[in-house]
Each structure stands twice: as structure tokens, then as C-alpha cells.
Amino acid sequence: MRSEREQRRQDEQQAAQRVGATPAHPFSGLGNAAVARAMLARNPATFTPQGYEEAMAKKAEFMDILYRRRDYRPSTGRGNFDVTYDAKGGRLVVTVRCHFNFLGGSESDYPDADPEELAWDPKASAEWKTKFMELVSAKWSNTFTFHCTKPWWEDLKANVQIRFVEDSKDPHYDLNITKIPEDEERGSSVTAPKWWQDKGKTKFDSEDLRPHDKAAGTQRPAVHEAGHMLGLADEYPIKKGKKAKTAAHDLLVRTEFGHGVARKRDGRVMSNGEDIEPEHGVTFIEALRVVTMMKEWSFDAKPPTPVPTELIDGPLPKPKQDPLAPEGPEVAFA
Amino acid sequence: MGLPLDYERRVDDEPEVRWRVTADGAFLHARGEGELVEKRRFSAAGLDALRAAIPDFAALAPAPEPDDVTLEERWSADGRTYVVYADEPPALTALRAEVDRLVANR
Chain H
185 MRSEREQRRQ
195 DEQQAAQRVG
205 ATPAHPFSGL
215 GNAAVARAML
225 ARNPATFTPQ
235 GYEEAMAKKA
245 EFMDILYRRR
255 DYRPSTGRGN
265 FDVTYDAKGG
275 RLVVTVRCHF
285 NFLGGSESDY
295 PDADPEELAW
305 DPKASAEWKT
315 KFMELVSAKW
325 SNTFTFHCTK
335 PWWEDLKANV
345 QIRFVEDSKD
355 PHYDLNITKI
365 PEDEERGSSV
375 TAPKWWQDKG
385 KTKFDSEDLR
395 PHDKAAGTQR
405 PAVHEAGHML
415 GLADEYPIKK
425 GKKAKTAAHD
435 LLVRTEFGHG
445 VARKRDGRVM
455 SNGEDIEPEH
465 GVTFIEALRV
475 VTMMKEWSFD
485 AKPPTPVPTE
495 LIDGPLPKPK
505 QDPLAPEGPE
515 VAFA
Chain W
138 MGLPLDYERR
148 VDDEPEVRWR
158 VTADGAFLHA
168 RGEGELVEKR
178 RFSAAGLDAL
188 RAAIPDFAAL
198 APAPEPDDVT
208 LEERWSADGR
218 TYVVYADEPP
228 ALTALRAEVD
238 RLVANR
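Residue numbers (my numbering), protein chains in the order written: chain H, 185 to 518; chain W, 138 to 243.
Chain H with its partners taken away, still in its complex shape:
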């Protein structure tokens, strides 16, 4: 009887070794062991207690550094901003330096306007400047949080904070703001800097901070144009008769999300509305990867990697009672 049981036990152990699974027993953390074994198979040098210690030491070094990059230009060919990643604070700060240039309106555009409707007064221009920086900074901030996917670094985050600030000496953009009569509308645009230029330029008007009715929504033009200053392209359809083109951030979106950018009129901020979608964070995650020199960042949080222990590949703990003992197991009665 005993020899049959012994034989069966040996057969089970051999079978388990052949498939690489940990034999089940009541005290082992089988789930963790299975995960760790899979990781070991993938990268035997890393997923060990020693690998864990090394990763944690590198993480401590990583967190001691403030990562900065001036004048970052996204691969979209648009956008120009500074990036700072503060690992301890979990923040990615994106700063756009703006030089404000207030221009009088054109009488030929508005021949019925009174002269004062086409001229800035110092109070109005100061107010526009402050409101613009507050509006677009608040609208684009706290919208994206990126998560580190490196094993055991999963608690690292990057909450994106956007700051539009005034800097007349070394701006990323010259903002030309034309005075137009109240409740009128005028087209606005952003021209990205070419690679040899220090700064881009924009055309705004005095009414760009209030909502405008669009074909498929309502939008404050300043919020949309700020998206261009941050590296995004238009998402509404292109000019009639022109060859269909994908948006400049299409490739980044495709890489991150597995789908492209739809070119249609809807409520998205780079189309006709103000909805900021996860896809609009692609230039920031690209900047984060560049500034930290680390590619393991994602829009989605990854579950923490189990911490390896010596138990994982060590000997199994001895059962308290030997199921193959000649006598039956002791049973405690209440």
C-alpha cells in the first residue's frame, strides 16, 4: 500500500517538474510563485530577490533627480514647451512661455466699428493676458496621469500640469492679439516654429476667451489654439478638394491606443468642442519618455509586480502531518 502511494507521489512530482509548475501544497503562495516563475522564464537575471533590490536602488536614484528639458518639440512637428518631471511629487510640468503683443483692429475688417472698439486700453489687455493664462492652464491641467510600468516602479506617476506663463525675453510663442468689436468673431491660428526657429506665432483676437458657436459644438478658441501650442493638430475635416490627410498626432495616437485620429466635426477640443480625451495627451507622454530617458510609461496603471522572496524557488515547507504515514493522521476532537 505504502509503495503504491510513494510511487504515485514520485510520479506526480516528476509530472509537475516536466510542466514547470510548483506542486500544490497548503502553505505555498502558488499564485506569486507562478507569476515569478513566468517572469524568471522571461528574464531570469531580473526577477529575483537580487534583481528586486537592484531595481529599488535604481528607483531611489531615479527619484532623487529633477528631470528638465527646455524647448521640447514633439514629433508631431507642432508644439514648443519646457518639460520638468518631478518624480517625488509625481508631476510632469509643461510650461509654455508666451510673449503677448496687443494689436489694434483693422478698420477695413470692421468699417462700422467705432474707433474705441478697435483699440486696446491697458486695463483690457492686462485682463486678457491674465484670463488667457488662467483659462488654458486650468483647462489642460490635471487631465492626464501617466503610470510607470517598470517592474516594482509601478507607484511612480506623472500628473500633467500645464502652465502658460508670460516671458517676453525668451518665449516659445509670440501671441498677436487683435482687438475686434465685442461679440464679433475672427479666425485664429497657431504657426509652429520651424526647426531652425526659436519660437512660433499665433493670431488671436480679443473675443477668443468667450465661447463661440461651431458647426458641432461650442468652443473657446483660446482652448483649441492652446492645443496646437502643445503639439496637437486639427481634428476636424480638411479643406474641400484637398487630399485627405491624417492629423499630425495620428501616429502617436495609433502607437499608444491602436487606433488613429478621426477627422470629423464633434465635441473634441481639437475639433469643434472642448472635450479633452486621453488621446490628447500623446505629446506629453512622449515628452515624459524623452525627459526621463525611460520608455516604460503608460496611460494605464499596471498592477504592482509581486516582490520575489526566497520561498519561491526554495524547498517546499515540510507538511505538519505526513499523508503517507503508516498510521492515520491525528485528529483533534473538541
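Just so you know, the hints here were simulated from the structure itself, not pulled from any lab data.
Using N, Cα and C, we set each Cβ at its ideal position, and we do this for glycine too.
A few of these clues could be false.
[To be verified] Here are some of the chain W residues that sit facing chain H, going by a computed Cβ distance under 10 Å:
id : residue
1  : Tyr144
2  : Trp156
3  : Val206
4  : Val236
Put chain W on the given structure of chain H with help from the hints.
Chain W in isolation, oriented as in the chain H frame:
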């Protein structure tokens, strides 16, 4: 360069504003798809100054069309048209100032 002088600003391929100065001194203006309506009549001296300010559009360096065109401004005279996308040539800035001056009657 002679008159008439035409100007049109288009936003997302839709007309936003148009105006024309005719050879007899009428300044016609329209918003969007609206009809041109006479808003001013310039003096002979004003028209002479305007003619002198119109550059030879063919001599201006053509502006490259950007990937995403949001705004375009079209200046036309003598059957020639110059399109501004981002950077306005100084000669056109001066021309606009001259038209503005006449419209404002300064």
C-alpha cells in the same frame, strides 16, 4: 498695380470677410457669404495713394502652404493673387494700413 483691389480672409475654407476697392473709389464690404455693400467712397487723392501702395504680387515670394490651413488671406489686383498663410509680407502690411487709413478717413 491698378484697381480694383480685392481682399478675402477665409477661415477653415469658409469666407470670413471680403472687401473691394473699385477704380471709381467705392469701398465695398461683406461678412461671410453676404453681398458686397458700399461702406465708403475714397477721394481721388486717396485712390492715388492706394494705387501707389499696391505691390507687384508676382514679385512677392510665394508663401508655402502649411499642412493644416486654418487662415488664409487672399489679395488680388490686376488678375494676380497673393495668398498669406502665416507671415504677411511687409508690403501687404503697409497696403492694409493704407486701406485702414482711408476707411477710417484719417
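Comparing the hints with the structure gives:
1. Tyr144: The hint holds - Tyr144(W) has a Cβ within 10 Å of chain H, the shortest such distance being about 7 Å.
2. Trp156: The hint holds - Trp156(W) has a Cβ within 10 Å of chain H, the shortest such distance being about 6 Å.
3. Val206: The hint holds - Val206(W) has a Cβ within 10 Å of chain H, the shortest such distance being about 6 Å.
4. Val236: Holds: closest Cβ of chain H sits about 5 Å from Val236(W), inside 10 Å.
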